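A.B. asks: This is what each chain is made of:
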Amino acid sequence: MSCHEIGREISLYCYGEVSSEVEERVEAHLAECSDCRHELARHRAFLELIDQREDVTDASLLSACRVGLRNAMHEDAKPAHQRWLESLRSFAHLDIPFRIPVGAMALIALGFFGARFTPARFGGAQAGLAEPMFSSVRSVEPEASGKVQIAVDEVRRHVVTGTLQDPAIQGLLLTAVREESNPGVREESIGVLQNGGDSAEVRKALTDALTHDPSAAVRLKALEGLKSYAGDPSVRKTLADVLLKDDDPGVRVQAIDLLTAHHDDSIVGVLQDVVQKEDNSYVRTRTTQLLEEMKASVGTY
Amino acid sequence: MHDAAETVSARLAAPLDEAGLIRAAQRGDQDAFERLVRTYDQSVLRVAMNLLRSPEEARDVYQEAFLKVYRNLHTFRFDCSFHTWLYRIVTNICLDHLRRRKVRKEESTLLDTSEGVVDRAAQLEEEGAHSNPERQMWNRELAGKIDGALSALTPRERTVFELRHYEGLRLRAIGEIIGTTEEAAKNCLFRATQKMRSSLEAFI
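Residue numbers (our numbering), protein chains in the order written: chain A, 1 to 301; chain B, 1001 to 1204.
Take the hints with a grain of salt, since some may be wrong.
[Said to hold, decoys possible] Heads up, simulated DMTMM-like pairs for lysine to aspartate or glutamate below, C-alpha to C-alpha not over 20 Å straight-line:
hint : chain 1 : residue 1 : chain 2 : residue 2
1    : B       : Lys1068   : A       : Glu17
2    : B       : Lys1145   : A       : Glu9
3    : B       : Lys1068   : B       : Asp1031
4    : B       : Lys1195   : A       : Asp76
5    : B       : Lys1195   : A       : Asp248
6    : B       : Lys1068   : A       : Glu75
7    : A       : Lys245    : B       : Asp1096
8    : A       : Lys295    : A       : Asp279
9    : A       : Lys237    : A       : Asp265
10   : B       : Lys1195   : A       : Glu75
11   : B       : Lys1195   : A       : Glu48
12   : A       : Lys227    : A       : Asp248
13   : B       : Lys1195   : A       : Glu17
14   : B       : Lys1195   : B       : Glu1176
[As the list claims (entries may be wrong)] Cβ-Cβ distance ranges computed for the label pairs, FRET-style:
hint : chain 1 : residue 1 : chain 2 : residue 2 : range
15   : B       : Glu1167   : A       : Gln165    : 53 to 61 Å
16   : B       : Gly1144   : A       : Lys237    : 45 to 53 Å
17   : A       : Glu292    : B       : Glu1167   : 42 to 50 Å
18   : A       : Pro233    : B       : Arg1099   : 55 to 63 Å
19   : B       : Arg1100   : A       : Lys227    : 20 to 28 Å
20   : A       : Thr211    : B       : Asn1187   : 37 to 45 Å
21   : B       : Thr1039   : A       : Asn182    : 49 to 57 Å
22   : A       : Lys295    : B       : Ser1043   : 22 to 30 Å
23   : A       : Ser19     : B       : Gly1179   : 45 to 53 Å
24   : B       : Gly1144   : A       : Val22     : 34 to 42 Å
25   : B       : Glu1167   : A       : Ser60     : 18 to 26 Å
26   : A       : Ser215    : B       : Ala1202   : 44 to 52 Å
27   : A       : Arg70     : B       : Gly1179   : 29 to 37 Å
[Said to hold, decoys possible] Which residues of chain A face chain B? A few of them, derived with a C-beta cut under 8 Å, are:
hint : residue
28   : Ser63
29   : Arg66
30   : Thr161
31   : Ala230
32   : Asp232
Calculated from the structure, these hints are not laboratory results. In this text, all values refer to a predicted model and were calculated from it rather than measured experimentally. From the three backbone atoms N, C-alpha and C, an ideal C-beta is built for every residue, glycine too.
Isolated chain A (complex conformation):
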């Protein structure tokens, strides 16, 4: 084994990460080579040196983390509707002048979506009614007959089955994309919707998810769904915006890949901005190539 080869193996040898065969060869070489023994001593000094980096975690940080986790798990364990109600309740405590009109609008929206979820609206879809997931007693009234009348509010899960062509199913999927608190459900809904054929409403839902969804995985799924619409000028405008504003490099990479499939002069300005601001080298290179292919200057100057 040469001195050059030893140089490569020494760091792994010090960590005990070489095979026994290599270990024997390293040791045989070290026994005969004072330069490499010196190199080994220096490497061990380096390892001791970096061991002096102190552990910066302390007990109070660990306690804070444990408390934070417990609270987050407690929140996580609550049903989605309870979290929603609590956020609505905290909103109701805000002392702001537009609270009443906004609250009224929220109630109208609640009525609207409530109506959408009514089984009668499902038409051809088969709806199954499950046991109540959540219930609370609203009032208790003893009657003269000795019976008791109890008013119970219940939240039940409906199981709805139908094809993608069923407007009720499509309506539910579109609602899930926008309303559902679980990103996994939003992602699944987008995945199903994109196979359901073209419609202005589906396209709008995908564009909205791409520009507004907080989950990068959902945005990526929406991008995938928009692939077949990449020639549409309004979709291309959205893709250019995403390229400029999305903070996830993975999403930007997918966006530029979709944009390069078509040439469109109206987005040259945005692409020039991207070249100036983009940190991701792949996105920058692809954008530059696209500008060059479009015979546009790379900078705005």
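Starting from the structure of chain A, add chain B where the hints point.
C.D. replies: Same frame as chain A, now just chain B:
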């Protein structure tokens, strides 16, 4: 009451049957989940803190990692060790943080204050250091240099180096955690070590 206390202490004293704990937690046993967390949370926080050198980010990683475990534990099929599965989650979140930091060039722990640039990690270390002023100064300078050298590594090199050198994990396990081969992890460790050594040559 006495019986209940005995049961609790017996449970705590029982040898840790990790597979049993995981299965119990998968069935929704909160106590079992809490014991799993307590088994690993110090090392999770240490890895996050050492990789990111920011208490705020380390706390975020801790919470995000254990919430992911909590939400996805039912998908754990014992194909690998729980330790590997957990570290995979933690290192992926840390890598995301490091990449985002690199992309946005939000350089790690340096804070621009009215009294000049202050290193938050060095401050933290100083608080826990010995009272010897010379030692403190040496520690601070060295800590700054080590952090600087670590920051110059790629996120992947830094993760491999941290897990091998500071956490003492074997390269085969690291390969499994970061989703690569042992050989690739070896090459990554070699590159990281070379870079670290050349940055710290003056201190050796």
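A.B. asks: For the pair we were handed, Lys1145(B) and Glu9(A), check the Cα-Cα distance against 20 Å.
C.D. replies: violated (25 Å)
A.B. asks: Under the criterion that the straight-line Cα-Cα distance not exceed 20 Å, is the pair Lys245(A), Asp1096(B) satisfied?
C.D. replies: holds (18 Å)
A.B. asks: Quick check on the hint: Arg66(A) CB to chain B CB, less than 8 Å?
C.D. replies: holds (7 Å)
A.B. asks: Check whether the Cα positions of Lys1195(B) and Glu1176(B) lie no farther apart than 20 Å.
C.D. replies: Cα-Cα ~24 Å, so violated.
A.B. asks: Can you verify the interface hint for Ser63(A): is its Cβ closer than 8 Å to any Cβ in chain B?
C.D. replies: Violated. Min distance 11 Å.
A.B. asks: CB of Glu1167(B) to CB of Ser60(A), is that within 18 to 26 Å?
C.D. replies: holds (22 Å)
A.B. asks: Assess, step by step, whether the Cα of Lys237(A) is no farther than 20 Å from the Cα of Asp265(A), and give holds or violated.
C.D. replies: Holds, at roughly 11 Å.
A.B. asks: Hinted pair, alpha-carbon criterion (20 Å max): Lys1068(B), Glu75(A). Please report holds or violated.
C.D. replies: holds (14 Å)
A.B. asks: Holds or violated: Lys1195(B) and Glu48(A), Cα atoms, limit 20 Å.
C.D. replies: holds (16 Å)
A.B. asks: Would you mind confirming whether the straight-line C-alpha gap from Lys1068(B) to Glu17(A) stays at or under 20 Å?
C.D. replies: Given that 20 Å is the threshold and the Cα spacing comes to 32 Å, the pair is violated.
A.B. asks: Indicate whether the distance between the beta carbons of Ser215(A) and Ala1202(B) respects the range 44 to 52 Å.
C.D. replies: holds (46 Å)
A.B. asks: Regarding the pair Lys1195(B) and Asp76(A), is the alpha-carbon distance no greater than 20 Å?
C.D. replies: violated (43 Å)
Consistency with the previously given hints fails for numbers 1, 2, 4, 5, 8, 10, 14, 18, 21, 22, 23, 28, 30, 31 and 32, ordered from lowest to highest.
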